[in-house]
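Going down the list, the protein sequences come from chains A and B.
Per numbering that gives the first Met the number 0, residue 0 is the first one in the first sequence, and the count goes up by one each step.
Per numbering that gives the first Met the number 0, residue 0 is the first one in the second sequence, and the count goes up by one each step.
Simulated from the structure, these hints should not be mistaken for lab results.
Ideal Cβ placement from N, Cα and C applies to all residues, glycine included.
Among the hints, erroneous ones may be present.
For the chain B half of the interface with chain A, some residues (derived, Cβ under 8 Å), not all of them [said to hold, decoys possible]:
| # | residue |
| --- | --- |
| 1 | G338 |
| 2 | A342 |
| 3 | L397 |
Far from chain B, by Cβ distances over 10 Å, these chain A residues were calculated [unchecked claim]:
| # | residue |
| --- | --- |
| 4 | A31 |
| 5 | V53 |
| 6 | I67 |
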Amino acid sequence: MDLENQKRVKEFAEEYGAENLVVVLGAAEGEAAGLAAETVTLGDPTFAGPLTGVQLGLAVYHVCEPEIKEEFDEAVYDEQVGMMEMVLDVDDIVSEMNAIREQL
Amino acid sequence: MNSVIKGASYVLVHTPDMVYYNGTTQTTEMIVNPESEYLKEVKSNLRSYEDAVKYWPNQTYIGNVHPEELAGVEFPWYDKKKEDADRYGKYGEIMPEEEFLFLVQACDQFEVVRLDKDFVAEYKDKFAADPIIGEDIVAMIHEGVELSEIEHFVNEEHAEGLYFNDKLVGCVKRAHDIDVNLSAHVMHENLMSKASSVLALLYAVRNAGIDKAEVEYVIDCAEEACGDMNQRGGGNFAKAAAEIAGLVNATGSDARGFCAAPTHAVIEAAALVKSGAYKTVVVTSGGCTAKLGMNGKDHVKKGLPILEDCLGGFAVVISENDGVSPEIDLNVLGRHTVGTGSAPQNVIGSLVADPLDRVGMKITDIDKFSPEMQNPDITKPAGAGDVPLANYKMIGALAVKRGELDRKELANFTTEKGLTGWAPTQGHIPSGVPYIGPACEDIKEGKIKNAMIIGKGSLFLGRMTNLFDGVSFLIHGNTAAEEEAAAGVSEEEVKGLIAKAMKDFAATLMAE
């Protein structure tokens, strides 16, 4: 995850409290989604950014996961995400995301 | 009449030492984690020059392999070698680091580049033997200096070291004592960009078969900025590179827009030529040292060599319609506007579907799309997937949503309309433009009718806007003959009508 984004996530967690944040990802690959999820839960696995060694344990989902999809107005979701949902390997993304969440 | 693509060049410079000393993944690691295992492993994971030359995607980039042939090579590619590979290709070459340092010195007009005298003695003739390098450029090489002098500048005066085989062989000095915009780091980055752009310009002029003096305007579309503390991005790389390349009748300017810049620049060049402002415009760009080894950590972790070990460059010559070369159709321009939004379907809609709608064409009417042509051998191990394939899936999915394509045809669409990526991940370099050269040949050979070139840019990285950007244009075969034929018939018709009217009028007079 981009170092600047890590800094912003960390600042939001300090400002609003980790329990009040949900991180929604839009990564196009399961592996990339998993890395970002790991960064905001267990800490930066690349040991490069501000979240190195910082276990924020934030709630984190990919926008194509069913839990997030059902929060949306159906028409808005179709307009904003429908095409990408057709393109992405959603099963792979869901399994990567679950694997990270299970480590919490 | 539309302007045409007269020729294109694609060059690479193998710079393994700069991966370690100048790539930001490595230089950042030196700051935040100087004792890291990764830094210790970088040097032993760098490829030799021979291996970089034999790398299939590199041979594709310089024109020795057609993208379709690359698609037939079993993936992954990093562990395979093209045995009859050549340093030189029809579009350009893969220049080795030791020769490139001389071109960098030729590009230095302020004596900030110093090379060790033993290094100069050993390699200057090798540089001069490159057929594209003229005597004018060789004459710009200085005598070498003592190594102790270089060590002094690096150790005492913040100069950036120039290395070959991990040995200090030169330096780039700072160009100002306190102005960070002229620091050794910035001067190094800018000179590498300029020198690789010069190499691209030399090949582009050769490939287009034009005289250097014919070039009237150059647009540089790299991602660096040159200037000083009072005008940080003052410019101008274009004219600076044109000077070294010997384009004596050219002026120029820099176009910037992150990775979208090359496509913006080609559209601007095509418009400048079509308007009659200039007869021949060259779009050029050199490479980016910062991005060397950008995904190195992932490559090393997965047991791959560090594949981002080359600077990339390209140039495209655009000139008045010659009746033969493929045209840039300015009636089919896609643009991501301020109001487009960032949802992927809006982005693809604005870049692909909207411009086609405006001229009554469908997505399926395009034979090949060239979006972000990143080499998947580099991006897949880094978790970024196959970038061109992701683009083709999105374009295909949009065609399905618009009812232009059956959903069952989606898989075929990506292979039929798509290409396998081969370009180095140098930001602006893979962005649409790598296919311009092969597309022109494919069109001339009748393999395809047209190709859409799509450039996208992550403007938000500059923190001036949260917006994304992108533009696209269409290349198709030359239509000058058809246009002339159409114009010829109507002119004759007009003449015939006038003659008939005169005859009738005369007849009336006679009758009276």
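Quiz item: Does the claim that A31(A) lies outside the interface with chain B hold up, using a Cβ gap greater than 10 Å?
Solution: violated (4 Å)
Quiz item: Is the Cβ of V53(A) farther than 10 Å from every Cβ of chain B?
Solution: holds (14 Å)
Quiz item: Can the hint on A342(B) be confirmed by a CB-to-CB distance to chain A that is less than 8 Å?
Solution: holds (4 Å)
Quiz item: Far enough from chain B: is every CB of that chain over 10 Å from the CB of I67(A)?
Solution: holds (15 Å)
Quiz prompt | Given hint G338(B) near chain A, where the shortest CB pair must fall under 8 Å | solution = violated (15 Å)
Practice problem: With a cut-off of 8 Å on the beta carbons, see whether L397(B) makes it to chain A. | Solution: Status holds, d = 6 Å.
Going through the hint list in order, the structure does not satisfy hints 1 and 4.
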